[in-house]
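Colleague: Sequence:
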Amino acid sequence: MAVNSRNGTSPVADVPPDHLAPRVPRLRTVLRRSAVVLSVVVLVAAGAAVVHRVAVSCGPVRSGLTRVDGECVGVLTDVGSHPFSDDLRSVQDAIDRENAWVDAQYRADPGGNRYVRVALFSPMTATAHSFMTADQVRHTVQGAYVAQRRANHTPDFDDPRPLVQLVLANPGSRQAQWPRVVRALERMTDDRHPLVAVIGMGTSITATRDAARYLSASATDLPMIAGVATTDEFRDITGFVRTSPSNTDYVRALADYLAGHRELRTGMLVYDDSEPDLYVRDLRSAYERHLRRYLTVPAKSYFGAADPENRTQLFATIQDSVCNAPRPDLILYAGRALDLDDFVRSLALRGCRDPISILVGATGLSPLEELVPTLVEGRITIVNAAAGHPSWFTADSHPPGSVPDGLPPFLAAFRAEKIGEPGALADGYGPTHHDAMATAVMAIRAVAPGLPRDEVPRAGNVRGQLMNLNNSSTVPGAGGTLTFTTDRKADPIGKWVPITVIPPATDAPTRRPYVTTG
Numbered sequence: 001m002a003v004n005s006r007n008g009t010s011p012v013a014d015v016p017p018d019h020l021a022p023r024v025p026r027l028r029t030v031l032r033r034s035a036v037v038l039s040v041v042v043l044v045a046a047g048a049a050v051v052h053r054v055a056v057s058c059g060p061v062r063s064g065l066t067r068v069d070g071e072c073v074g075v076l077t078d079v080g081s082h083p084f085s086d087d088l089r090s091v092q093d094a095i096d097r098e099n100a101w102v103d104a105q106y107r108a109d110p111g112g113n114r115y116v117r118v119a120l121f122s123p124m125t126a127t128a129h130s131f132m133t134a135d136q137v138r139h140t141v142q143g144a145y146v147a148q149r150r151a152n153h154t155p156d157f158d159d160p161r162p163l164v165q166l167v168l169a170n171p172g173s174r175q176a177q178w179p180r181v182v183r184a185l186e187r188m189t190d191d192r193h194p195l196v197a198v199i200g201m202g203t204s205i206t207a208t209r210d211a212a213r214y215l216s217a218s219a220t221d222l223p224m225i226a227g228v229a230t231t232d233e234f235r236d237i238t239g240f241v242r243t244s245p246s247n248t249d250y251v252r253a254l255a256d257y258l259a260g261h262r263e264l265r266t267g268m269l270v271y272d273d274s275e276p277d278l279y280v281r282d283l284r285s286a287y288e289r290h291l292r293r294y295l296t297v298p299a300k301s302y303f304g305a306a307d308p309e310n311r312t313q314l315f316a317t318i319q320d321s322v323c324n325a326p327r328p329d330l331i332l333y334a335g336r337a338l339d340l341d342d343f344v345r346s347l348a349l350r351g352c353r354d355p356i357s358i359l360v361g362a363t364g365l366s367p368l369e370e371l372v373p374t375l376v377e378g379r380i381t382i383v384n385a386a387a388g389h390p391s392w393f394t395a396d397s398h399p400p401g402s403v404p405d406g407l408p409p410f411l412a413a414f415r416a417e418k419i420g421e422p423g424a425l426a427d428g429y430g431p432t433h434h435d436a437m438a439t440a441v442m443a444i445r446a447v448a449p450g451l452p453r454d455e456v457p458r459a460g461n462v463r464g465q466l467m468n469l470n471n472s473s474t475v476p477g478a479g480g481t482l483t484f485t486t487d488r489k490a491d492p493i494g495k496w497v498p499i500t501v502i503p504p505a506t507d508a509p510t511r512r513p514y515v516t517t518g
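Here the working numbering is used: the first residue of the sequence shown is 1, the next is one more, and so on.
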C-alpha cells in the first residue's frame, strides 16, 4: 500500500497496482462442471504464458519490473537479474556482485553489518525521443557504482558502516512512469534493510519536478540527491539537493568568462519554443536576469526536438537574421544539446562570415569531434559552462590546484573497476552521479554514530543531515569539495564550473574556473 503524503492527497492515487498478469474474470456459475474444469485449465495455461512472457521480457517473475510501452520500468533490487540494455550489462553485473558481498557481510555478522539501500532513480533506457543518450545512461550508473564501491571498501566517505546496497529505479526513457516507481520506493523504506535515499532524479523536466515534489511531501521523508537536474525551480523543494551546478550557476560562470572577453558584446538569445521544457525555460530566464546587458539583438525562437521530421528547417530564420544589423557576435543558446549540432551546421551556412560564439550552459556536451571542421569553417566557437572539463578525464596527470581535490581519487577508482574509459566521462553524468551517491553516503553515516550497533539510519534521519554536510563534514566530490547550507538550499557550495571552448575542446583551462559560493 502506498504511503500517504502529509497533505492527505497523492499524485499517484490513480495509478493501477503493478501486476504480473491481468486479473482473470470469474467464470459464470451457470457453466457446467466440465466446462468449468476446461476453462480453469485454459486459464492456468494462459496465465503461465503471460508470466513466462513477463519473466522473459523484464527479468524474473518478481523482479519489480513491469513492461510499459515497450520498456521495463520499476525498481530492480536484484540488479543482475535483468540488464536494461547491453550497454548496462557489465555495470549491472558489477553492482550485483557488490550487493551480494554486502549481504554476505550481514549474514556473517547480523548485529554488526546491517546495511541500507540507496536507489538510483533515473532513465535506464534510451530512445530516439528520450532526454538522455545511451552513453549518458551508462555513465550515470557507472558513477553511482564507483561511489558505492568506495563507500563500502574505503574510508573516503567516513566510517564504512553501515554498508550500502544500490538498487536501480527506472521511470522510463522520458520518466513517464515515475508515479509507479516512487510508490514502490516508498514501500521499501520499512524493509529490514531500508531504502534511505534516492539519487539521480533524472533531467530537468516536468516529470522530475513532479516526482521530487511527491517525495518531498511523502511521509517517508526520503531525501533526494540529484545528479543533473539543474533547473533553479528545484532549489526550493524540501529534502532535495543536487551535486551539479544550477542553471544560474552556469550563467554566472559564463558571465565570468565574458568579463575577460571584451570583444564579445552584442548578443542574441535563441531559445527552443517547441514544448514546455523546464530546463529551456529556466536557462532562458537566467540569461535574461544575469546577462541582460548583452541582449541587444531581438531574441529568436525555434521548434526543436519535438519536431524531428522538420529538422532541416529548424534554424532557417535564425541563420538569415544573424547577418542583419546589428550583427550579434555571441548567441545565448537556451535549448537542448540534442539540437546543438543542427544549429551549428545551419549557422555555418550564414551569408556573413564574422566570428560568432555560442554560449551554452549544460552538464557536459557529447563528443563534438565530428563538428569541429564545421565550427572552424563557419568561424563559430562554442563556449560551454559545464560540470567538468574534457581535459579532466583525458590528461595523464593534473598539476596541483588545476582540478578539484576529489577528482584524482575518483578517476583512480573508476579505472580500478575496469568498467569503461575515463575519457568518455566528459559528458559529466558519471562524476555528478558519483557525487550524488557520495553525498547520500555522507548523510547516512552522519546519522549512524548516534544509533545502537544493531540499528540502521532511516530515511527521515538521513534527510535531516543533508544541511549538516558543511564545515568539517564536506563531500569529497569529483566535481568539487561540496557543502550544503540552508542559505543555498538545494545548490552545492564548492562546485567547480569550468568553461570548455570548442574548438579546441581538450586543452586545459587557462584560468581557474568559477566555483559556486554561499
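Keep in mind the hints are simulated off the structure, nothing from the lab. Treat each hint with caution, since some may be false.
To be verified - Distance condition first, Cα-Cα at most 25 Å in a straight line; then the derived SDA-like pairs of lysine to any residue:
| no. | residue 1 | residue 2 |
| --- | --- | --- |
| 1 | Lys418 | Ala176 |
| 2 | Lys300 | Thr238 |
| 3 | Lys489 | Pro504 |
| 4 | Lys418 | Thr66 |
| 5 | Lys489 | Val515 |
| 6 | Lys489 | Pro452 |
| 7 | Lys300 | Arg379 |
| 8 | Lys418 | Pro194 |
| 9 | Lys418 | Asp86 |
| 10 | Lys489 | Asp454 |
| 11 | Lys489 | Glu455 |
Colleague: Next, verify each hint and record whether it holds.
Modeller: Comparing the hints with the structure gives:
1. Lys418 with Ala176: violated (33 Å)
2. Lys300 with Thr238: At roughly 36 Å apart (the allowed maximum being 25 Å), Thr238 and Lys300 break the hint.
3. Lys489 with Pro504: This hinted pair is violated, its Cα atoms lying about 36 Å apart.
4. Lys418 with Thr66: violated (31 Å)
5. Lys489 with Val515: holds (17 Å)
6. Lys489 with Pro452: violated (31 Å)
7. Lys300 with Arg379: holds (21 Å)
8. Lys418 with Pro194: violated (30 Å)
9. Lys418 with Asp86: Holds, at roughly 16 Å.
10. Lys489 with Asp454: violated (33 Å)
11. Lys489 with Glu455: The given pair, whose Cα atoms are some 30 Å apart, is violated under the 25 Å limit.
Against the hints set out earlier in the document, violations occur for numbers 1, 2, 3, 4, 6, 8, 10, 11.
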